[in-house]
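**Student:** Top line first, the protein sequences correspond to chains A and B.
Plus 182 on top of the position in the first sequence (first one is 1) and you've got our numbering.
Plus 223 on top of the position in the second sequence (first one is 1) and you've got our numbering.
Simulated from the structure, these hints should not be mistaken for laboratory data.
Here a beta-carbon is modelled for each residue, glycine too, at the ideal position from N, C-alpha and C.
One should not assume that every hint holds.
Unchecked claim - Here are the simulated distance ranges between beta carbons:
id, chain 1, residue 1, chain 2, residue 2, range
1, B, S249, A, P252, 35 to 45 angstroms
2, B, A301, A, K253, 21 to 31 angstroms
3, A, G241, B, N247, 16 to 26 angstroms
Claimed, not checked - Derived pair list, reagent style DMTMM-like, types lysine to aspartate or glutamate, alpha-carbon separation capped at 25 angstroms:
id, chain 1, residue 1, chain 2, residue 2
4, A, K226, B, E238
5, A, K209, A, E223
6, B, K293, A, D268
7, B, K293, B, E264
8, B, K293, A, E200
9, B, K282, A, E200
10, B, K282, B, D294
11, B, K293, A, E223
12, A, K209, A, E245
13, B, K279, B, D306
14, A, K233, B, D306
15, B, K293, B, E238
Stated by the list, open to error - If you want the ones that stay clear, here's a sample from chain A, every Cβ over 10 angstroms from chain B, calculated:
id, residue
16, R195
17, S206
18, P252
19, G255
20, D268
21, T284
22, E285
23, A286
Here's the letter readout for the chains.
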Amino acid sequence: NAGVMQNPRHLVRRRGQEARLRCSPMKGHSHVYWYRQLPEEGLKFMVYLQKENIIDESGMPKERFSAEFPKEGPSILRIQQVVRGDSAAYFCASSPIWQGNTEAFFGQGTRLTVV
Amino acid sequence: TQLLEQSPQFLSIQEGENLTVYCNSSSVFSSLQWYRQEPGEGPVLLVTVVTGGEVKKLKRLTFQFGDARKDSSLHITAAQPGDTGLYLCAGAPAGGTSYGKLTFGQGTILTVHP
Chain A
183 NAGVMQNPRH
193 LVRRRGQEAR
203 LRCSPMKGHS
213 HVYWYRQLPE
223 EGLKFMVYLQ
233 KENIIDESGM
243 PKERFSAEFP
253 KEGPSILRIQ
263 QVVRGDSAAY
273 FCASSPIWQG
283 NTEAFFGQGT
293 RLTVV
Chain B
224 TQLLEQSPQF
234 LSIQEGENLT
244 VYCNSSSVFS
254 SLQWYRQEPG
264 EGPVLLVTVV
274 TGGEVKKLKR
284 LTFQFGDARK
294 DSSLHITAAQ
304 PGDTGLYLCA
314 GAPAGGTSYG
324 KLTFGQGTIL
334 TVHP
């Protein structure tokens, strides 16, 4: 039973380039969450998606960041025109339909370095 | 905005000692999850507590959820070097539209020396 798969594990981008981070949820999970972990900080919620729907994007920066979870394929977190401050570990988690005691499982993360 | 205060931030102990990590909030959570994260890896779920006053044991680890579901603790008995890592608590919101938008504590970096 494969876990949450994220790729790439490591991504290096020059300032101004685009970063695309992919997340395939666990089998049977229809809910995807993206979190960001800055150095020396805890994980911060970014966005919550279901298939073809963004449910809560209250943690997403207003500009340059977008996320999608298409009907087919992985969820994508896209960062346009990256800046040094975007360097962080980005984690995806998935869960089945949430019922209060549901558990969320995390992928291994994508470590983005902007040079 | 819900906040989870986790303490201590750093803990350095000798093998065989006991320790407790705390997570406190003024907000009520529907459930609280404890994760352990190794360097370069994602958080791995250790346990979920749901009911106020609930106590769960996982070998040498004991997890407690406060009666009011606002706080939790993780107690490790006879710590071993293999317990070294980052421990994170995370709360799922209570009330309203329920989904897994977790609020994380800042984490506790535990180092157990042989």
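**Student:** With reference to the structure, classify each hint as holding or not holding.
**Tutor:** Hints, one by one, checked against the model:
At about 39 angstroms, the beta-carbon gap between B:S249 and A:P252 stays in the expected band of 35 to 45 angstroms. Taking the beta carbon of each, B:A301 and A:K253 are about 50 angstroms apart, not inside 21 to 31 angstroms as hinted. The hint said 16 to 26 angstroms for the Cβ distance between A:G241 and B:N247, and at roughly 22 angstroms that hint holds. Proposed proximity of A:K226 and B:E238 is contradicted: the alpha carbons are some 32 angstroms apart, above 25 angstroms.
With a CA separation close to 30 angstroms, the supplied pair A:K209 and A:E223 exceeds the 25 angstroms bound. A threshold of 25 angstroms between alpha carbons decides the hint, and for B:K293 with A:D268 the separation of about 32 angstroms lies outside it, so the pair is violated. Our distance criterion of 25 angstroms between C-alpha atoms is broken by B:K293 and B:E264, whose separation comes to about 28 angstroms. Restraint check for B:K293 and A:E200: the C-alpha separation of about 40 angstroms exceeds 25 angstroms, so the hint is violated.
Restraint check for B:K282 and A:E200: not satisfied, since their Cα atoms lie roughly 45 angstroms apart, outside the 25 angstroms limit. For the suggested pair B:K282 and B:D294, the alpha carbons sit about 22 angstroms apart, so the restraint of at most 25 angstroms is met. A C-alpha spacing of about 22 angstroms is found between B:K293 and A:E223, which places the hinted pair at or below 25 angstroms, so the restraint holds. A C-alpha spacing of about 32 angstroms is found between A:K209 and A:E245, which places the hinted pair above 25 angstroms, so the restraint is violated.
For the suggested pair B:K279 and B:D306, the alpha carbons sit about 18 angstroms apart, so the restraint of at most 25 angstroms is met. With a C-alpha separation of about 37 angstroms, the suggested pair A:K233 and B:D306 falls outside the 25 angstroms cut-off, and the hint is violated. Between the alpha carbons of B:K293 and B:E238 the distance comes to roughly 31 angstroms, so the proposed pair goes past 25 angstroms and is violated. With a cut of 10 angstroms on Cβ distances, A:R195 stays outside the contact zone with chain B, its closest approach being about 19 angstroms.
Interface exclusion of A:S206 from chain B stands, the closest Cβ pair being 14 angstroms apart, more than 10 angstroms. The claim that A:P252 lies off the interface holds: its Cβ sits roughly 20 angstroms from the closest Cβ of chain B, which is beyond the 10 angstroms cut-off. With a closest Cβ-Cβ approach of about 21 angstroms to chain B, A:G255 is found to remain outside the 10 angstroms limit, as its non-interface label requires. Here A:D268 stays apart from chain B, with its beta-carbon at least about 19 angstroms from theirs, past the 10 angstroms limit.
With a minimum CB-CB distance of about 6 angstroms to chain B, A:T284 fails to clear the 10 angstroms threshold, and the non-interface call is violated. Look at A:E285: its CB is around 5 angstroms from the nearest CB on chain B, not clear of 10 angstroms, so calling it non-interface is violated. At the 10 angstroms boundary, the C-beta of A:A286 falls inside the reach of chain B, the nearest C-beta of that chain being 5 angstroms off.
Of the numbered hints listed earlier, those contradicted by the structure are 2, 4, 5, 6, 7, 8, 9, 12, 14, 15, 21, 22 and 23.
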